[in-house]
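A.B. asks: So you can see what is in the structure, the chains are spelled out below.
There are 2 protein chains.
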Amino acid sequence: MKKYVFGIDIGGTSVKIGLFNLEGILLEKWDINTNKEENGKYILNDIYNSVIKRTPNLDEVSGYGFGVPGLVVDSKIIKCVNLGWENYDLKSIFSKLVNNTNIIIKNDANVAALGEASSGATIGYKNSVMITLGTGIGGGIIVDGKIVDGAFGAAGELGHLHVVKENGRLCNCGNQGCLETVASATGIKNKFIDLRDNSNIDSIVDEKLHLSAKVIVDAAKQGDLISEEVIESVTYYIGYACSILSVVTNPDIIVIGGGVSKAGTYLLNKIDHYFRKMMFEPVKNTRIVLAKLGNDAGIYGAASLVNK
Amino acid sequence: MKKYVFGIDIGGTSVKIGLFNLEGILLEKWDINTNKEENGKYILNDIYNSVIKRTPNLDEVSGYGFGVPGLVVDSKIIKCVNLGWENYDLKSIFSKLVNNTNIIIKNDANVAALGEASSGATIGYKNSVMITLGTGIGGGIIVDGKIVDGAFGAAGELGHLHVVKENGRLCNCGNQGCLETVASATGIKNKFIDLRDNSNIDSIVDEKLHLSAKVIVDAAKQGDLISEEVIESVTYYIGYACSILSVVTNPDIIVIGGGVSKAGTYLLNKIDHYFRKMMFEPVKNTRIVLAKLGNDAGIYGAASLVNK
Chain F
3 MKKYVFGIDI GGTSVKIGLF NLEGILLEKW DINTNKEENG KYILNDIYNS
53 VIKRTPNLDE VSGYGFGVPG LVVDSKIIKC VNLGWENYDL KSIFSKLVNN
103 TNIIIKNDAN VAALGEASSG ATIGYKNSVM ITLGTGIGGG IIVDGKIVDG
153 AFGAAGELGH LHVVKENGRL CNCGNQGCLE TVASATGIKN KFIDLRDNSN
203 IDSIVDEKLH LSAKVIVDAA KQGDLISEEV IESVTYYIGY ACSILSVVTN
253 PDIIVIGGGV SKAGTYLLNK IDHYFRKMMF EPVKNTRIVL AKLGNDAGIY
303 GAASLVNK
Chain D
3 MKKYVFGIDI GGTSVKIGLF NLEGILLEKW DINTNKEENG KYILNDIYNS
53 VIKRTPNLDE VSGYGFGVPG LVVDSKIIKC VNLGWENYDL KSIFSKLVNN
103 TNIIIKNDAN VAALGEASSG ATIGYKNSVM ITLGTGIGGG IIVDGKIVDG
153 AFGAAGELGH LHVVKENGRL CNCGNQGCLE TVASATGIKN KFIDLRDNSN
203 IDSIVDEKLH LSAKVIVDAA KQGDLISEEV IESVTYYIGY ACSILSVVTN
253 PDIIVIGGGV SKAGTYLLNK IDHYFRKMMF EPVKNTRIVL AKLGNDAGIY
303 GAASLVNK
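So the protein sequences, as listed, match chains F and D.
With this note's numbering applied, the first sequence corresponds to residues 3 to 310, in that order.
With this note's numbering applied, the second sequence corresponds to residues 3 to 310, in that order.
Derived from the structure by calculation, the hints contain no laboratory data.
You can take every hint at face value.
Because identical chains cannot be distinguished in the list, a pair is counted as satisfied if it fits within a single copy or across any two copies.
Cross-link-like lysine-lysine pairs, in silico, DSS-like; alpha carbons within 27 Å at most:
hint, residue 1, residue 2
1, LYS148, LYS128
2, LYS286, LYS81
3, LYS93, LYS286
4, LYS93, LYS38
5, LYS167, LYS191
6, LYS286, LYS78
Using the sequences provided together with the hints, build the complete structure.
C.D. replies: Here it is as structure tokens:
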């Protein structure tokens with residue numbers, strides 16, 4: 003008898019595994035290391051070994067949902083640069099290990115958006131968008147309760163919205179001026195360094211040894227002028243992205259997640275302020291909220307892919 | 003026996019009516035005037051009278067699809083400013099007239115996008131976007147073969163993408179810097195006037211009495227410097243919009259329609275050029291093409307709403 007589904011969120015450092023019942027309740031969660039050796043060829047075996055320890059009778063498992071950090075089309079992985087996977091047939095390999103074909107794979111940021119929609123900040127809304135602000139920026143678009151994958155698996159790649167028109171900083175993708183270059187944790191640090199190096203104003207952040215987005219946000223909250231200017235810039239660009247999204251798929255609700263979102267309502271209120279300055283008036287009831295599930299959004303979303 | 007569906011595209015000046023068979027083949031099409039008197043209260047009766055003349059036995063009609071110029075949620079019209087309709091229950095009124103409840107209503111630009119997808123330039127693609135460049139700018143987003151309506155009926159309102167960050171021209175929507183202000187036929191004329199009035203260069207357009215987007219496009223094709231600069235600006239902004247769309251819903255194909263698109267491959271190649279400068283590399287196989295159905299896109303799309 004089927005009792006469980008697994009939600010598996012594969013990251014560059016660790017794999018988060020969640021064991022859920024068929025009501026979508028998380029029963030247990032744990033992490034294993036991501037072994038990226040030899041182009042990630044050990045990752046699926048490691049997951050299998052971990053799964054079978056907790057559920058020796060795999061016949062009780064209804065399905066396995068995966069979130070992976072890369073481009074995915076119809077559960078086929080095009081590319082996961084961080085894991086060394088390219089045109090990697092995860093579904094076929096893993097289905098042989100577990101003797102189960104109810105396996106669905108999607109992009110990790112998309113899956114996190116689905117997690118917030120199924121069990122987090124956007125429960126009850128058919129149309130939502132999640133923007134994940136971390137070292138980079140990811141995103142996910144939910145339309146009528148389903149992830150939008152896109153033709154090339156690039157739907158919701160909101161970090162690569164081109165937002166700085168001229169002299170934008172080079173992005174990891176090779177382009178210039180992507181949202182990720184100005185509003186991710188990395189973008190926050192770079193903007194701070196730019197402003198500090200071109201300013202005569204002192205900053206309380208100077209004394210800190212480890213420059214981080216958190217340190218800069220905390221300094222801004224204390225009134226540090228340079229840090230405040232950084233946060234105005236960051237929230238302007240995220241508000242801008244929200245205004246764009248609100249006339250493309252026109253979500254009920256936009257959820258801000260990822261490490262940077264721990265800055266909380268301080269950040270959220272500024273994003274909302276800029277959104278409202280730029281938005282199309284008929285979308286004024288669009289809500290912008292903070293994510294609720296933190297790092298668990300991925301396993302919740304992955305599980306809900308296969309738990310229908 | 004059911005033999006027909008109607009595709010009805012209600013505009014501010016005329017109502018286009020298409021009679022289709024159940025295979026989606028257009029059998030006849032015609033226009034009637036849009037009578038906007040008394041907040042558009044005569045429009046539906048006029049349509050009914052026109053419909054019943056061509057198909058006296060309404061039992062043969064399977065359904066009626068409508069495109070309307072305004073915001074629509076779940077076939078409920080929130081607002082059609084040009085027609086004087088607000089919270090107008092078209093479905094309930096028209097279903098009583100024709101004694102048929104298979105009536106679906108959506109935004110006209112969204113319906114045109116569906117028309118191109120079902121019978122025009124984007125046949126065979128599950129994910130597409132249409133940008134309609136006319137006096138204003140409309141748009142429609144197709145995901146998995148279906149129109150994205152959005153939470154407040156504003157999905158695909160691409161004319162209100164905020165694209166000019168500073169000192170943008172005032173848009174009809176009350177905002178500043180919308181795509182419509184810089185890339186519609188009106189935007190083309192305004193940009194031309196701005197450049198001409200601030201330039202010492204002569205333009206061959208000066209001699210023409212009726213300034214229009216077409217005149218400016220034709221002059222640009224002939225090497226008129228000011229007109230060329232206008233077209234570079236217009237195509238930059240449309241290319242920018244395409245780059246945005248390509249990482250939000252990530253369509254296979256983007257179709258450019260509306261009166262301005264009659265400028266043809268001259269315009270298309272420039273849009274494609276700017277798109278490729280700004281796009282996220284993994285979406286490089288996104289195609290940008292010209293619309294095929296012209297003014298008939300609306301009736302095709304409207305018919306396909308109810309012809310399943």
